[in-house]
Amino acid sequence: MSAHGERGRGRLQRAVVGASLLWAFGCAVGPNFVPPKPPTTPGYTSGRLASETAVADVRAQHFEPGAAVPATWWELFRSPVLDARIAQALAANPTLKAAQATLRQSEDELRAGYAVFFPQADVGAGATRERPFVPIRNLARQTFNVYTVAGSVSYVLDVFGGERRAVESQRAQTEAQRCETAAAYLALVGNVANATIAEAGYAAQIEFTRRMIEEERDQVHLTRVQANAGLVPYASVLSLETQLASTEAQLPQLEQKLAQTRHVLATLVGQEPAAWNASPVPLASLEIPRDVPVTLPSELVHQRPDILAAEAQLHRASAEIGVATAALFPQINLSGSYGVTSTATAALFTGPAAAWLVGAQLAAPLFHGGELWFKRRAAIDSYQASLESYRQTVLGGLAQAADQLRALEHDATQVAAQTRQEAAARDARGLIQINFRTGVASYLEILIADVQENQATIARIGGQAQRLQDTVALFTALGGGWWGATDAVEARGVRTGTREEEAVR
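Under the working numbering, read the sequence shown as residues 39 to 543, first letter to last.
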């Protein structure tokens, strides 16, 4: 064969060997993670969802399928006080700050994990003073100094991708923590909105109850005057006093609920309960949002923090299979060192006492009693458990969204009926009061009318608050728009990615 042919064959062999090495050093054992497929159902409820709710408080809520939840959805309630409270909570809530600190910790641990892709270099220096023991007669012994400077470099060849899978696992864990931080943000905003609405509802019920107490006291006084004049039996006074005491007994319960809600609000905004002195938000000042976005189920799995966290944990379990698989294969470590030793610092780098070492070590598992194999099987089982947990989280998210959509339909119908009931009870009570003052109606009729109006008004106020709270619950069930809240979220530590992650992908 000619020299030209030999050179050509040599180049071909080197190319094949080089390509083989690139493939070996670039591959990674274990499964490549593939996100689960999103739901294919177009809606959340089994039956048809109406385009809008019934009209209640002169407003119906219109559902917008496929629309995205606004980043600052709480502003749809048109309450500056609510907006200010949420801003205060986002800036000072300890739970959210703890989640942000944990996220930063996870990100720093991920950055530390990237060090495996770089050579590890170390340097050391030492100085000793020695006088050797020489058990030979007439041999002089001397005391001298020994100076040593040495450096070493080592690098693990990640042939089978075990280190890369370990970093991938840590990256997935960081992503899960990022989603947990987003979940803390979403829960905080929802809790502040819910507590503000509850505070407004309790305050409205307390105000109405106090008015009822004043009116019932007037009725007791009037009835007592009639009883003293012999117009009605004294039993009528006792019956009205019983009703008055019953109404008065409702007030401490409502005040206790209001106090507890205010304590919750103080905790959410990062204050001590004794320092919280803000006035309750009037219930009438909270506007029910008219247009309600309804995110598609296929998009919900990419927006709810709990579902995204479950997906990240699934990714982590998948990467751990690769780590366990790579442990079954050999590991190659390259190392080198260089050092000098001398009895005088001036001759440390000029003398002949220098030593160097370059080498490679191969370590391959031979027999571990099945430990490595069953660790891989355990990693696969962990992945299956994470997959089922992810599916359950998705189902729970879909069910929660379905519950809140139906709740808004039923809330509107209920509040509309409660409003009609309250109006009828109020008119009936007014007529009976007129008849009672003229002696036409009995104390029993006015007693029944008082109870009916009281119950109707308390129920209507509760229904209004519940409708507002269910709207909040729907916004949070659909993910709360945290992914788009650049100012409110990313500035507070809930980021969608890091430069280090982008560099590795």
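Warning: the hint list may mix true and false statements.
Label-pair ranges, simulated between beta-carbon atoms [claimed, not checked]:
id: 1; residue 1: P76; residue 2: D419; range: 22 to 28 Å
id: 2; residue 1: A455; residue 2: D419; range: 50 to 56 Å
id: 3; residue 1: K135; residue 2: A398; range: 46 to 52 Å
id: 4; residue 1: N371; residue 2: F182; range: 34 to 40 Å
id: 5; residue 1: D441; residue 2: N371; range: 52 to 58 Å
id: 6; residue 1: R97; residue 2: A273; range: 43 to 49 Å
id: 7; residue 1: V96; residue 2: D441; range: 25 to 31 Å
id: 8; residue 1: G434; residue 2: G162; range: 53 to 59 Å
id: 9; residue 1: L469; residue 2: A316; range: 18 to 24 Å
id: 10; residue 1: K295; residue 2: P103; range: 35 to 41 Å
id: 11; residue 1: E102; residue 2: R142; range: 34 to 40 Å
id: 12; residue 1: R249; residue 2: D95; range: 18 to 24 Å
id: 13; residue 1: H100; residue 2: K295; range: 29 to 35 Å
Since the hints were derived computationally from the structure, they do not count as laboratory data.
The model shown is predicted, which means the values in this text are computed figures rather than measured ones.
Glycine included, each C-beta is placed from N, C-alpha and C at the ideal position.
(message) Holds or violated: the 53 to 59 Å window for the beta-carbon distance between G434 and G162?
(response) The hint (53 to 59 Å, Cβ to Cβ) holds, given that G434 and G162 are roughly 56 Å apart.
(message) Quick check: does the Cβ-Cβ distance between A455 and D419 fall within 50 to 56 Å?
(response) Holds: the Cβ-Cβ distance is about 53 Å, inside 50 to 56 Å.
(request) With 43 to 49 Å as the target window, see if R97 and A273 comply at their CB atoms. (result) Given about 46 Å between the Cβ atoms, the range holds.
(request) Mind checking the hinted window 52 to 58 Å against the Cβ distance between D441 and N371? (result) 56 Å, holds
(message) If I claimed the Cβ atoms of N371 and F182 lie 34 to 40 Å apart, would that claim hold in this structure?
(response) Holds, at about 36 Å.
(message) For the hint 29 to 35 Å, verify it against the beta carbon of H100 and that of K295.
(response) 32 Å, holds
(request) With respect to the beta-carbon atoms only, verify the hint that P76 and D419 lie 22 to 28 Å apart. (result) About 25 Å separates the Cβ atoms of P76 and D419, which means 22 to 28 Å holds.
(request) Please test the hint of 46 to 52 Å on the beta carbon pair from K135 and A398. (result) 48 Å, holds
(message) Range first: 25 to 31 Å. Now tell me if the beta carbons of V96 and D441 are that far apart.
(response) Between V96 and D441, where Cβ atoms are some 26 Å apart, the hint holds.
(request) Could you see if the CB distance from E102 to R142 stays within 34 to 40 Å? (result) 37 Å, holds
(request) Confirm or reject the claim that R249 and D95 have a C-beta distance inside 18 to 24 Å. (result) 20 Å, holds
(request) With 35 to 41 Å as the target window, see if K295 and P103 comply at their CB atoms. (result) 37 Å, holds
The earlier numbered hint that this structure contradicts is number 9, and it is the only one.
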